[in-house]
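A.B. asks: Take the sequences, apply the hints, and build the full model.
Reminder that position 16 of the sequence shown reads as 255 in the working numbering, one-by-one numbering, no gaps.
Don't take every hint at face value.
As the list claims (entries may be wrong) - Derived lysine-lysine pairs resembling PhoX-like cross-links, with alpha carbons at most 20 Å apart:
| no. | residue 1 | residue 2 |
| --- | --- | --- |
| 1 | Lys409 | Lys399 |
| 2 | Lys425 | Lys360 |
| 3 | Lys365 | Lys425 |
| 4 | Lys418 | Lys442 |
Derived by calculation from the structure, the hints in this document are not laboratory data.
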Amino acid sequence: MKKSYSILVILFILGVKAIFAQISDKDWNYLLVREDAVKPSMAAYYEGSLADMKLFLTENKVKHVNYMTQLQDNYRYSHVTPLNSMDDINGGLRAFIKGENKSAEFDLIWGDLNETIESFKYYVVKYEPELSYVPDGKVWLEEAPYRRWNYLHFEPGTEKEAEQILLAWKNLYKNKGVKSGFRVFKGVIGLDQPVILFTTWSKSPLDYQVELQESIDLLEDEGSILWLAMMELVRKAETIEGWYLPQYSFTPAAQKD
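C.D. replies: Rendered as structure tokens:
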């Protein structure tokens, strides 16, 4: 068996004391992201192990483990857990990992996950609600599972200017009454700095394209000018598509200590 870590290694070894109860933007501060690069030929086995892990967590009523699972178009699976602060790390599956409550079932699931992963990384981002535009107030779950993640790596020293443009972008969306929204996350650790994660969502890829064209029509030249101004500050950009996977996510109701 390989010695590599598997899904949510930071969460499972250290545990994460986080509440995903209402899954609301109001509860977000920092997000801890575990990203597994899965071997394409092993994707089905990986997802099977994710299902087993969710069942294990449910049946054992494991507290303080909450995550949203997402699939990117490059065979990378990300698992996202909210943190109230950078110090909010405690609980979770620590007892199982350290042997206090370890079981043969857990060992089997853990080993299966390890076999399917090529590599992994984890990083922390900070949600920036003042720069984000969420007109309907909804969280991007089952009703809008399609995702686009835009990683915008800015030139060092241009962070404040980039934030000013993003704020103007948000105000323009609001003034024009654009129906589709976006969320902005700032890289904290684990990503090339400085970086902004600009995220959008929709019901499907087709719906996304329709909504994008509607937004472009509403924003007119003002939108183009602002976007070009922001791109002048960007040294590297990457856009990744994907999906929210509720069947593998573990987001139980708030649990008592």
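A.B. asks: For each hint, tell me whether it holds in the structure or not.
C.D. replies: Status of the hints after comparison with the structure:
1. Lys409 to Lys399: 15 Å, holds
2. Lys425 to Lys360: With a Cα-Cα distance of about 17 Å, the restraint between Lys425 and Lys360 holds, given a limit of 20 Å.
3. Lys365 to Lys425: Holds - the C-alpha atoms of Lys425 and Lys365 are around 5 Å apart, at most 20 Å.
4. Lys418 to Lys442: Distance of about 13 Å is within 20 Å: holds.
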